[in-house]
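**Student:** Here are the chains, one letter per residue:
Protein chains: 2
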Amino acid sequence: MIFSTATAVSHPNIAFIKYWGNTDDALRLPQNGSISMNLAELTTRTMVTFDSSLPRDIFDLNGVRQSGPSLERVSQHLNLIRGIRGFSVPAHILSESNFPVGAGLASSAAAFAALTVAAVRTAGMEMSEKDLSRLARRGSGSAARSIPPGYVEWLPGSSDIDSYAVSIAPPEHWPLTDCIAIVEDAHKKTGSSEGHLLARTSPLQSARVADAGRRIDLCRNAIQKKDFDLLSQLIELDSNLLHAVAFTSNPPITYWLPQTLVLMQAVKDWRRAGIPCAFTIDAGPNVHVICESSATSIVKERLGAIPGVSEVLTSGAGGGTVLI
Amino acid sequence: MIFSTATAVSHPNIAFIKYWGNTDDALRLPQNGSISMNLAELTTRTMVTFDSSLPRDIFDLNGVRQSGPSLERVSQHLNLIRGIRGFSVPAHILSESNFPVGAGLASSAAAFAALTVAAVRTAGMEMSEKDLSRLARRGSGSAARSIPPGYVEWLPGSSDIDSYAVSIAPPEHWPLTDCIAIVEDAHKKTGSSEGHLLARTSPLQSARVADAGRRIDLCRNAIQKKDFDLLSQLIELDSNLLHAVAFTSNPPITYWLPQTLVLMQAVKDWRRAGIPCAFTIDAGPNVHVICESSATSIVKERLGAIPGVSEVLTSGAGGGTVLI
Chain A
1 MIFSTATAVS HPNIAFIKYW GNTDDALRLP QNGSISMNLA ELTTRTMVTF DSSLPRDIFD
61 LNGVRQSGPS LERVSQHLNL IRGIRGFSVP AHILSESNFP VGAGLASSAA AFAALTVAAV
121 RTAGMEMSEK DLSRLARRGS GSAARSIPPG YVEWLPGSSD IDSYAVSIAP PEHWPLTDCI
181 AIVEDAHKKT GSSEGHLLAR TSPLQSARVA DAGRRIDLCR NAIQKKDFDL LSQLIELDSN
241 LLHAVAFTSN PPITYWLPQT LVLMQAVKDW RRAGIPCAFT IDAGPNVHVI CESSATSIVK
301 ERLGAIPGVS EVLTSGAGGG TVLI
Chain B
325 MIFSTATAVS HPNIAFIKYW GNTDDALRLP QNGSISMNLA ELTTRTMVTF DSSLPRDIFD
385 LNGVRQSGPS LERVSQHLNL IRGIRGFSVP AHILSESNFP VGAGLASSAA AFAALTVAAV
445 RTAGMEMSEK DLSRLARRGS GSAARSIPPG YVEWLPGSSD IDSYAVSIAP PEHWPLTDCI
505 AIVEDAHKKT GSSEGHLLAR TSPLQSARVA DAGRRIDLCR NAIQKKDFDL LSQLIELDSN
565 LLHAVAFTSN PPITYWLPQT LVLMQAVKDW RRAGIPCAFT IDAGPNVHVI CESSATSIVK
625 ERLGAIPGVS EVLTSGAGGG TVLI
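Chains A and B, in that order, are what the protein sequence lines are. Just so it is clear: in the first sequence, position 291 is 291 by our numbering, and no numbers are missing. If you count the second sequence from 1, you need to add 324 to reach our numbering.
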């Protein structure tokens, strides 16, 4: 039995108001809403083929056959989709990204968004954007935000039914750029899944969550009104709040490296000097510098000149996950 | 009219559970209790002479005649003491410290503790340790903790009457050492007084304060039982909580420099390798490494070998403020 094959293309997203900590870890229901921008130039392309001749799922990621936890997580997600459709045929999953996986670029968001859209289609189902976002969320929380296009808000909800993301503005609404400074890191990383579990051990997490609604409203307004000054303050505050929770968790998690602090300070200095740019940092040492598109060249050039920055990627706002 | 002269010697203190934010800025009533260790080897010696022939207060600090805010703050504190005694004679204040002032070593704690004890005696009054601590608090909050000897707890209280510090263990109870790594800093500093005012603008401050009683109880126990593992976890958490509030204040304050992060990570690595040491950081980039006295030499040597560390000071636990 071959249901056919389908391929989807997705983008990772950079969160302006961040997701950190769940009310339900299995369902990945977040403790707070979040807002992000899809990254047009970073893409993950995933082809799913259900094939009854296969003994089990096969997952090839950037040309490398996967096994262990990596295969397991993908199989579990496909089981959800197979369960909805009511069959149990193994799949061949072929996934390619054009950006370095494991450089802390939230590759799992794009991966599970593309996997969800491709697998649902291959299984012969039609789903609304909302249901695709709900389903992608089950594979990786932030994947919910890579389903709709442009600037996206994840409504936290209180159950599997009402926790999904919606677009709040199309990509062309505001041409922001994310200049991603890749910082060399010799230290072992704490994955974001483990970070989500540890969030509740910080004395600060409940205060971060309690204030999130206010930040979400301000951030949505900043995007709608294209108010870069307000956006700058908000994204730097929100990023600092996540890292405050991380390094006051038990055990503490420090994602910042010394070079991360150098970059944070540089970005603040540049903004004070009139360049419209602001930093935000995910669960890793890389620094995402969000800037107005007019400042892209100068920000990219300056970031690249800072010692310890191995590479600078840039991306504008991108669309949602689409079948090709 | 000359009331005579008196000289007091005091020590700065390093807080294990930190003071950050007031419920009353004028009275310096803290939002949470705090615990500290006086630093024996760092001393401030202050002589106060009331002299009716002076036109106004004169304040010589490390051989430099002071004016402006520095003189003003000392005069205001003396006005409190003159008000209690009921006179208004100008004073000559001569103060000398054996450690670099302005290197972020909480020099104001020792300064106002010594000033209080010397001025009260010179004015011909006798006061209990408790009342001296209350009075020193008015000059600089953490000065309250430099009045009693050894390991000290500041009971936050709810008014001027019940906010003072008491000794919870004498210096000889537990021979810990503070190895202070002085980090070069080209950036303009935000003073701790300004930091206290900004604390309330952080979404995290109320959560930090709400959890403080728990940390105080654990820290007091750790000191009483000489439990270095527990103390290590607590002081690093508490330090991180202060800095979390600082860099989520509006405007944000970042006291950490890149080199501060290097030192924090090094200390954690050394502890994991069996050296009993832990970091704590006040409102500045310097890193205080608290260690069991057996580890002093190795910690001092290792800190000194890290680039960006200009000097390493060491001190054991010290006594309170005394007249000499």
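Hints may be right or wrong, so weigh each one.
Unchecked claim - Covered stretches of chain B, as calculated for chain A (at least 3 residues, CB under 8 Å): (1) 408–419; (2) 525–533; (3) 635–645.
Said to hold, decoys possible - DEER-style ranges, computed between Cβ atoms: (4) A:Leu-230 <-> B:Ser-394: 23 to 29 Å; (5) A:Asp-227 <-> B:Ala-534: 30 to 36 Å; (6) A:Ser-88 <-> B:Arg-596: 42 to 48 Å; (7) A:Glu-126 <-> B:Gln-589: 17 to 23 Å; (8) A:Thr-201 <-> B:Glu-518: 30 to 36 Å; (9) B:Pro-631 <-> A:Gly-191: 48 to 54 Å; (10) A:Gln-76 <-> B:Ala-597: 35 to 41 Å; (11) B:Lys-550 <-> A:Ser-310: 26 to 32 Å; (12) B:Ala-597 <-> A:Asp-162: 54 to 60 Å; (13) A:Thr-201 <-> B:Arg-596: 47 to 53 Å; (14) B:Glu-420 <-> A:Gly-213: 49 to 55 Å; (15) B:Ser-517 <-> A:Asp-217: 53 to 59 Å; (16) B:Arg-538 <-> A:Gly-213: 54 to 60 Å; (17) B:Asp-551 <-> A:Asn-98: 51 to 57 Å.
No wet-lab data here; the hints were simulated from the structure. Positions of the beta carbon are idealized from the N, C-alpha and C atoms, including for glycine.
**Student:** Confirm or reject each hint.
**Tutor:** Consistency of the hints with the structure:
no. : hint                                : verdict
1   : 408–419                             : violated (count 0)
2   : 525–533                             : holds (count 5)
3   : 635–645                             : violated (count 0)
4   : A:Leu-230 <-> B:Ser-394: 23 to 29 Å : violated (38 Å)
5   : A:Asp-227 <-> B:Ala-534: 30 to 36 Å : holds (33 Å)
6   : A:Ser-88 <-> B:Arg-596: 42 to 48 Å  : holds (46 Å)
7   : A:Glu-126 <-> B:Gln-589: 17 to 23 Å : violated (51 Å)
8   : A:Thr-201 <-> B:Glu-518: 30 to 36 Å : holds (31 Å)
9   : B:Pro-631 <-> A:Gly-191: 48 to 54 Å : violated (31 Å)
10  : A:Gln-76 <-> B:Ala-597: 35 to 41 Å  : holds (38 Å)
11  : B:Lys-550 <-> A:Ser-310: 26 to 32 Å : violated (46 Å)
12  : B:Ala-597 <-> A:Asp-162: 54 to 60 Å : violated (49 Å)
13  : A:Thr-201 <-> B:Arg-596: 47 to 53 Å : violated (19 Å)
14  : B:Glu-420 <-> A:Gly-213: 49 to 55 Å : holds (54 Å)
15  : B:Ser-517 <-> A:Asp-217: 53 to 59 Å : violated (33 Å)
16  : B:Arg-538 <-> A:Gly-213: 54 to 60 Å : violated (27 Å)
17  : B:Asp-551 <-> A:Asn-98: 51 to 57 Å  : holds (52 Å)
When each numbered hint is compared with the structure, violations occur for hints 1, 3, 4, 7, 9, 11, 12, 13, 15, 16.
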